[in-house]
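*Asks:* The residues making up each chain are set out below.
2 protein chains.
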Amino acid sequence: MDTEALSHHISSRFNEDLERVRSRVLEMGGLVERQLSQALGAIVDADSQVLLTVAREELLVNQLERTIDEDCSRILATRSPAASDLRLLIAVLKTITDLERIGDEGEKIATIAARLAGRERPSSRYRELRHFGQLVSSMVHDALDAFARLDAELALQVARRDRAVDDEYEAIQRQCITFMMEDPRMIRRSLDVMWVVRSLERVGDHAKNLCEYVIYMVHGKDVRHTRLEDVEKELRGTLPSPVAVPVP
Amino acid sequence: MDTEALSHHISSRFNEDLERVRSRVLEMGGLVERQLSQALGAIVDADSQVLLTVAREELLVNQLERTIDEDCSRILATRSPAASDLRLLIAVLKTITDLERIGDEGEKIATIAARLAGRERPSSRYRELRHFGQLVSSMVHDALDAFARLDAELALQVARRDRAVDDEYEAIQRQCITFMMEDPRMIRRSLDVMWVVRSLERVGDHAKNLCEYVIYMVHGKDVRHTRLEDVEKELRGTLPSPVAVPVP
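Line order of the protein sequences matches chains A and B.
Position one of the first sequence corresponds to residue 737 (our numbering), numbered consecutively onward.
Position one of the second sequence corresponds to residue 737 (our numbering), numbered consecutively onward.
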């Protein structure tokens, strides 16, 4: 932490409070990542037990969401934070909502995985889902990384990957529709694949939201609803370099 | 406003600030409701122009979301709000995210409506969508009403309706799958109906979230991830009566 940040935080308890919130968000992020990878793994490995595991983690995720929310409220009420500290807390309040919803999508995918486990598996062994799942999971992972390091550049890069996710999503959907039309016996299985990719596409959207909150934290700039090219131009141009925020 | 609330707010400017935030949230809610009803109306009336209208409103919704976010940050930074005022601001920060996402679903429905407008219409004229759309739209409307009146009882009633939405959602999905299996020429149209009901089901979830924030504002109680029966028991039992918050 640089001296500016040090002098900024008169109270070291305040610093500890903020640090605790940040590390809890990362803990929650880790849980959500695990939910997602377990759900996706269960599709590939035809694991029908996955629903129990993912639902158990869901309880932990919900608990953490509440705790972090309460922490933020308490800090807002007792410490009157300003500038970058206030932005951190506002960003965290929004971040945990998106994280929790990524977990929800993980649970939806796990439900489908449990159903698919009981059926005959296609020769592709859901290769398209595996690849798409990796694409989206890496977005979540890197978005959390950007949060941990308060790295707005990385956040911007990750947000940009959402376009590739949308393209791949469209491609898989089209493929599924073709399969269904060619062979109506494929309808149920194709629908399940379509629901999974739909969930993953949502996860990509949530990961993009996480990135936007990181940029807001670092630059104090609300970049939602802004074209990424314009965000990039602005971040490289007029904006000051990242403000000092405690980094572990 | 009662005397307790009056004495609570020493500064009338502070009161005005909070009032402005509340009325902007309701304005945003009104826009989002309109987006949704235009999108649903376009399915029934085969209106291919709807996408333009809804997209135009989306810009206004996004603008309002930013403005309200900025207002909340400014009030948090300059007024150090506590207790119910702080809860109001935190609830608003979360409420507008859900409102914006209801608008997003409205846009997705409008996209499908524009596509359906170019095709032959079924004899039912999408009766099932009309009914389901009304069910979900009324949830959004009443959730906003509960927000406007800070009515936690109403919020609880509305949140409870999400179960009926989920049941109807499942029923329509099953029906669509049956249609597709019986006649593969119905696949595309059935898929479009399925995407619309999926979007509407999400809107129901968002409306339920709005209700939970109202309960949090009024009772200071985080009821997410709690069974509604338990929430009801608790609200009727141990909790104090609603706290005084300025009501227009």
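Since the hints were derived computationally from the structure, they do not count as laboratory data.
Careful: at least some of the hints might be erroneous.
One copy or two, it doesn't matter: identical chains are merged, so the pair holds either way.
The calculated lysine to aspartate or glutamate pairs, modelled on EDC-like cross-linking and capped at a C-alpha distance of 20 Å, are [as the list claims (entries may be wrong)]:
#1 K830 - D887
#2 K957 - E968
#3 K957 - D805
#4 K844 - E794
#5 K969 - E904
#6 K830 - E806
#7 K830 - D941
#8 K957 - E937
#9 K957 - E769
#10 K957 - D807
#11 K830 - D805
#12 K957 - E806
#13 K957 - E836
#14 K844 - E806
#15 K830 - D958
#16 K830 - D840
#17 K844 - D941
#18 K844 - E937
#19 K969 - E889
#20 K830 - D807
Treat the numbers as computed from the prediction; the structure is a model and nothing was measured.
*Asks:* Hint by hint, note whether the structure agrees.
*Replies:* Do the hints match the structure? See the list:
1. With identical chains, the CA atoms of K830 and D887 are at most 20 Å apart within one copy only, with a shortest distance of 18 Å there and 24 Å across copies.
2. In this homomeric assembly, K957 and E968 come within 20 Å of each other (Cα to Cα) only inside a single copy, at 12 Å, whereas the closest approach across copies is 40 Å.
3. For the homomeric pair K957 and D805, the shortest alpha-carbon distance between copies (12 Å) is at most 20 Å, but the shortest distance inside one copy (22 Å) is not.
4. In this assembly of identical chains, K844 and E794 lie within 20 Å of each other by CA distance solely inside one copy; the values are 11 Å within and 28 Å between copies.
5. In this homomeric assembly, K969 and E904 never come within 20 Å of each other (Cα to Cα): the closest approach is 26 Å inside a single copy and 47 Å across copies.
6. For the identical chains of this complex, K830 and E806 are neighbours both inside a copy (13 Å) and across copies (14 Å), given an alpha-carbon limit of 20 Å.
7. For the identical chains of this complex, K830 and D941 are neighbours both inside a copy (14 Å) and across copies (17 Å), given an alpha-carbon limit of 20 Å.
8. In the homo-oligomer, the alpha carbons of K957 and E937 never lie at most 20 Å apart, since the shortest distance is 25 Å inside one protomer and 32 Å across protomers.
9. Taking the closest pair of Cα atoms, K957 and E769 never come within 20 Å of each other, the shortest separation being 27 Å inside a single copy and 28 Å across copies.
10. When the C-alpha separation of K957 and D807 is checked against a cutoff of 20 Å, the pair qualifies only between copies, where the shortest distance is 14 Å, while the shortest distance within a copy is 24 Å.
11. For a Cα distance limit of 20 Å, the shortest separation of K830 from D805 qualifies both inside one copy, at 10 Å, and across copies, at 11 Å.
12. In this assembly of identical chains, K957 and E806 lie within 20 Å of each other by CA distance solely across copies; the values are 10 Å between and 25 Å within a copy.
13. Taking CA atoms no more than 20 Å apart as the test, K957 paired with E836 passes between copies only; the shortest distance there is 19 Å, against 24 Å inside one copy.
14. Taking the shortest alpha-carbon separations for K844 and E806, neither the intra-copy value of 27 Å nor the inter-copy value of 34 Å comes in at or below 20 Å.
15. Both within a single protomer and between protomers do K830 and D958 lie at most 20 Å apart by alpha-carbon distance, with minima of 13 Å and 16 Å respectively.
16. Proximity of K830 to D840 under the C-alpha cut-off of 20 Å is found in both arrangements, the shortest distances being 16 Å within a copy and 17 Å between copies.
17. Proximity of K844 to D941 under the C-alpha cut-off of 20 Å is found in both arrangements, the shortest distances being 16 Å within a copy and 14 Å between copies.
18. In this assembly of identical chains, K844 and E937 lie within 20 Å of each other by CA distance both inside one copy and across copies; the values are 13 Å within and 14 Å between.
19. In the homo-oligomer, the alpha carbons of K969 and E889 lie at most 20 Å apart inside one protomer (12 Å), although the nearest pairing across protomers, at 48 Å, exceeds that limit.
20. Taking the shortest Cα distances, K830 and D807 sit within 20 Å of each other both inside one copy (14 Å) and across copies (16 Å).
Violated hints for the displayed structure, listed by number in ascending order: 5, 8, 9 and 14.
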